[in-house]
Each structure stands twice: as C-alpha cells, then as structure tokens.
Amino acid sequence: DAGVIQSPRHEVTEMGQEVTLRCKPISGHNSLFWYRQTMMRGLELLIYFNNNVPIDDSGMPEDRFSAKMPNASFSTLKIQPSEPRDSAVYFCASSLVAGPNQPQHFGDGTRLSIL
Amino acid sequence: SQQGEEDPQALSIQEGENATMNCSYKTSINNLQWYRQNSGRGLVHLILIRSNEREKHSGRLRVTLDTSKKSSSLLITASRAADTASYFCATDARNTDKLIFGTGTRLQVFP
Numbered sequence: 001d002a003g004v005i006q007s008p009r010h011e012v013t014e015m016g017q018e019v020t021l022r023c024k025p026i027s028g029h030n031s032l033f034w035y036r037q038t039m040m041r042g043l044e045l046l047i048y049f050n051n052n053v054p055i056d057d058s059g060m061p062e063d064r065f066s067a068k069m070p071n072a073s074f075s076t077l078k079i080q081p082s083e084p085r086d087s088a089v090y091f092c093a094s095s096l097v098a099g100p101n102q103p104q105h106f107g108d109g110t111r112l113s114i115l
Numbered sequence: 116s117q118q119g120e121e122d123p124q125a126l127s128i129q130e131g132e133n134a135t136m137n138c139s140y141k142t143s144i145n146n147l148q149w150y151r152q153n154s155g156r157g158l159v160h161l162i163l164i165r166s167n168e169r170e171k172h173s174g175r176l177r178v179t180l181d182t183s184k185k186s187s188s189l190l191i192t193a194s195r196a197a198d199t200a201s202y203f204c205a206t207d208a209r210n211t212d213k214l215i216f217g218t219g220t221r222l223q224v225f226p
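Top line first, the protein sequences correspond to chains A and B.
Note that the first sequence covers residues 1 to 115 in the numbering used here.
Note that the second sequence covers residues 116 to 226 in the numbering used here.
Derived by calculation from the structure, the hints in this document are not laboratory data.
We put the CB at the ideal spot given by N, CA and C, even for glycine.
Any given hint might turn out to be false.
Unchecked claim - List of simulated lysine-lysine pairs, BS3-like, C-alpha gap at most 27 Å:
no. : chain 1 : residue 1 : chain 2 : residue 2
1   : B       : K184      : B       : K171
2   : B       : K184      : B       : K213
3   : A       : K68       : B       : K213
4   : B       : K141      : B       : K184
5   : B       : K185      : A       : K78
6   : B       : K171      : B       : K213
7   : B       : K185      : B       : K171
8   : A       : K24       : A       : K68
9   : B       : K171      : A       : K24
To be verified - Here are a few chain A residues that sit away from chain B, every Cβ distance over 10 Å (derived from the structure):
no. : residue
10  : V19
11  : T20
12  : I55
13  : D56
14  : P61
15  : K68
16  : A72
17  : F74
18  : P100
19  : G109
Model the full assembly from the supplied sequences, consistent with the hints where possible.
Structural data, given as structure tokens:
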C-alpha cells in the first residue's frame, strides 16, 4: 500500500520566494496533519484537517503560512514570502479517522532550506 | 509547547542489550503513543497504550504507563543495529484530535 507521499523531498530557495509543499494522504484517511520539525523546537503541529476542513490552525506561525485541502487526496502548505527561519523539515501525516487515539502515518518529509 | 519529555536524550548500547526510554508528561491523558523515526525519514507508529492500561507488548517492545506518576517507558529487548533511530512519545491534547510529541530519545545500537 502506498503511504503518505510528500513532494518535493528537498527544496532550496532564496528568501522572499514562494514555497509550496504537497501532500497526498493515504487513500481513505479522513484526517491530515502538517508538522514542522527543527532541532530547536522539535516536532510542532501546524494545522490539521478533518474531512478536508481545517480544524485547528493555531500552530501556523504567521500569516505567511497557509494550507489548503481542496479534496481528500491532496493538500498543500504554502509559505509566502519565505524567510531563513522557515528552514526545517515539514511532515505531512494522515490518520483513518479523527481522534488522538488514532495512529498517524507520516510521509518522509520535505527538507526546506531558505537561503 | 511540548507535553512529553523523553529521557535520556541519547542512549548508546551494544546489540543484544535492552534499551529503556522514558517519557514524562504534564497533564492527564487518555492515550499515549510511541513512534520511531529513522534518520531522514518520517515517524512510524509503534504502539498505543490507553490510560486504563498499565502494560502492553508488541514483539520486542514493551510499554508501561503509570498515570499516577505521569510517565511511560518503552523497553526494546535484544536490540539490533536496525533499532538505531529516534523514539518519541506522543500524548493527546485535551478535548482535541491533536497529538503533542515529546523531545525524543536518540538510540544508537552498535553491532
């Protein structure tokens, strides 16, 4: 079975540029999560969706960050304009249904470097 | 803010030895999960233990939960080089669907 698929795996861009990260959750999963991982702050939840609807975006650091889920099989995380402090590994995860008792399935992440 | 704190931060052992990692959390929980992360990869779910459970096994993994002490431990028996990874606990955030991940323990198993 295909797992969570993220693209690109690596992105290097200059500050000020728009960055778009993409995620395809596991088919049939109804919840999708975006995380950011850094050495300093660990793994932080940015936003999550249930049935394509954003439920909690309190972890989104600034208005420069936005996320969409136009359908059950695709989500994007955009940063515009990007800044060097946005450099991190961004993970997408999905779970079958909503609930903290559900295992989350993670993609292999996008390693983002903003110069 | 992080709910879970893993201890130790790093652990180095020889193949065949047991590895024990601990997780402490601050507020009451309904569930606690453990995940593994290999270098350059995403997290992989290992095991979930509910607040009314004290111990759970899965293969070479044994997880305990002490809600009175707000702590959990993950024991990997007869470790292998392939167990080299970071291990994270994750707890539920009250009345939400979110998980809050701890700081992780980096385990190195030498062949």
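**Asked** Which earlier hints turn out false for this structure, listed by number in ascending order?
**Response** 5, 9, 12, 13, 18, 19
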